[in-house]
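Enquirer: Please put together the full structure from these sequences, using the hints given.
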Amino acid sequence: MNRMLAIVEREMRKFFRSPVLMIMSMMLPLVQLIILGNAFGGKIRGARVAVVDYDRGPQAVKVHEAFDAVAANIATFTTVRYDDEDTAREDVRTGKVDAAVIIPAQYSRRVYAQAAPKIGLVVDNTDQFLSASIESEMQSLVNAMNQPVIEDRVVKQIALQIVELYPYVEYMKYLLPGCIALAMYISVMIGGGMLYIDDKARGVHEGYLVTPISKLELVMGLNIAGAIKAVLSGVCLTVIGTLMAGLGVIFHPMAMLNMLLLILGTSIAFNGMMFLMMVRVDDPLVPRAMFGVLNTLLYFPSGAIYPIAAFPKWLRAIAVVDPFSYAIHGFKATLLKDGGFAAIQTDLLFLFVFGIGTLLIATPLFKRTL
Amino acid sequence: MSFRHHKPEPMVEGTPLAIGVENIVKRYGDFEAVKGISFSVAEGEIFGLLGPNGAGKSTLIRMMTTLIPVTAGRALVGGYDVTKDSDAVRRMIGVIPQALTSDPDLTVEENLSIYAKLYSVGRAERERNIQEVLEAVDLVKWRDAQTKTLSGGMRRRVEIARGLVHNPSIFFLDEPTTGLDPVSRIAVWEMLNHLKKTRNLTMLLTTHYMEEADRLCDRIAIVDHGKLVALGTPVELKQSVPGSNVVEVQFQREDDTWKARLEALPDVTEVQSQSAGVYRVLTSNGSKTTTQLVEMAAGLGEQLTSLSVQNTSLDDVFVHYTGRQLRDEQVKPVNFVMPPRPGAQP
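Chains as they are written, first to last, in this note's numbering: chain A, 1 to 370; chain B, 1001 to 1346.
Quick caveat, the hints were computed from the structure, so don't treat them as lab data.
You can take every hint at face value.
Computed list of chain A residues with no C-beta within reach of chain B, every gap over 12 Å:
(1) Q32
(2) D53
(3) I308
Derived Cβ-Cβ restraints for the label pairs, each shown as a range:
(4) A:F366 x B:V1309: 54 to 62 Å
(5) B:V1140 x A:P364: 40 to 48 Å
(6) A:A289 x B:Q1239: 52 to 60 Å
(7) A:D338 x B:G1152: 56 to 64 Å
(8) A:P253 x B:T1149: 41 to 49 Å
(9) A:M24 x B:E1022: 49 to 57 Å
(10) A:P253 x B:E1125: 39 to 47 Å
(11) A:M1 x B:T1149: 27 to 35 Å
(12) A:D338 x B:E1125: 47 to 55 Å
(13) A:I356 x B:R1123: 26 to 34 Å
Remember, predicted model here, so these are calculated numbers, not experimental data.
Think of the CB as a built atom: it goes at the ideal place given N, C-alpha and C, for glycine as much as any other residue.
Expert: Here it is as structure tokens:
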């Protein structure tokens, strides 16, 4: 027991003496949270839409008024008047404007005659996100204009009434659970992967192996130290990230307790997984080479930045065995939904079983000799 | 409670045995790194293992320190079998590896303290031991310094202190002065001699420095190609080489016949040809051979560029037993060496 604690002491002294690991493990997730959270979080504003009006009748004026209302309020787009369709199309193609609306000649007449009036919309569909936003806004405007001035006493159309359980979740908040897990993964990758192999290559482990420390004490010492480092990274990022994203979880003791349990389970799972992968590795280049591959393989299929439901079957299979998926599901349930213990118990069970299981497999593989 | 399964046997001229190695073998697949070596080391003795690169010295020391399993044969350290009682062996030994493995981010005292804890040394004893070993290696005033701020010689002394912090009775040192400047090397020699006297330590060391082996070791074993090729005290080994003196001569003019002419001189036992017309002549009578050599050169009308006479050294013993051929060291496939850390002393 004392020998195991000596290993933990050595690792923690190194950790606190050189805070590089802590800083490096939080740098990428924090940058990701700030940049991606702000870049992808907002709605489209200020897109430039060309308007070519060949009609110039009263109904076309109504369309212009609707566009002006959008520009003045929700500001999804502003309009620019064009005289001919060809120039407008060319400017959409070259990116001078983001879309073009063509109001054809005889539009007003067709509206009054109820003869299938049409408005054309030219969009640059190489940018799916922007074109979808403009299409959606235009569709809303057209729907509004299609509404009869005097409604029937009995509404015949079916309406979908949407109830949102939680207040609007900005993308930064959505991203935070993934960033916490990513910080812990980087901490484990550097502390449990790279530094572990570097110590091996420097002969530090050789120094341990000539002492009477047992295999179990050494494995446990290294993993407990790794888990403590990952927990510290997770807690730091939870505090900083929730304050940045405007979440008040850290001020709710029960939610914070659930977060701590999840962080502990995640650190054990990540450490066990990393130790299993590194237990027979001697070359310090291996963990460095694996860093990016594992990051992509485990982080992206986990639902951290895109919902798992949108994945193909094979990618969903990875998500099922990926500890990131359970960590992020648990973090989301606690940070965004205040789901309580019931919402995270499956995640906790998987994380602890996965962590202990991988350690149980890795321990016999650990060589007590060189 | 005793863990001892095998009592030490009195060996080496009646002195109790500290290390006993019997027909020890180490194989890596088809490659046999150590081929049935046997020797014993008495308590309190400093025993040197010499040999060219790849001779099997480090493999031998790693088997004795339980770092690698023994393929065949038996090694007893402090009376314990390294295979059957490896934990008991580890409690008795201190090991100084070839590389500097003390943690550069930790202080000298922290390094020692953590190692004492790995040997389960209690708090009071630990504090006392740390003070004692720091005094022994003259690092008391550096106890709170981070190891990375120390010079190479001081770091080597930290390694020695670390190996002693649990009061071992047998000390293994793998090339303890490699990479040190001559002053630091002499300081380490003096320290090891002092430790031997004050702590009655048995030491087994490997080295490439013949002077180091000559000055430190009571007995020396020369290992080559995984076999023991010579064993004895430095004096015995020097005497075992034909010729008690070495005459080193350089002729102004190089000639293919010099070697044969020198070998023909009386009392000459061996002639080694070196670069640039230099010859090392091993002879049983240095002064007589010198006179004959000068007369021979004068008779042939040849000029000598340099001439010196010296006693046979361990270098001569080493070359005599291992030959002059360069060796390709057999290394493990994965042998990545980390670059030094920024700010670390070389």
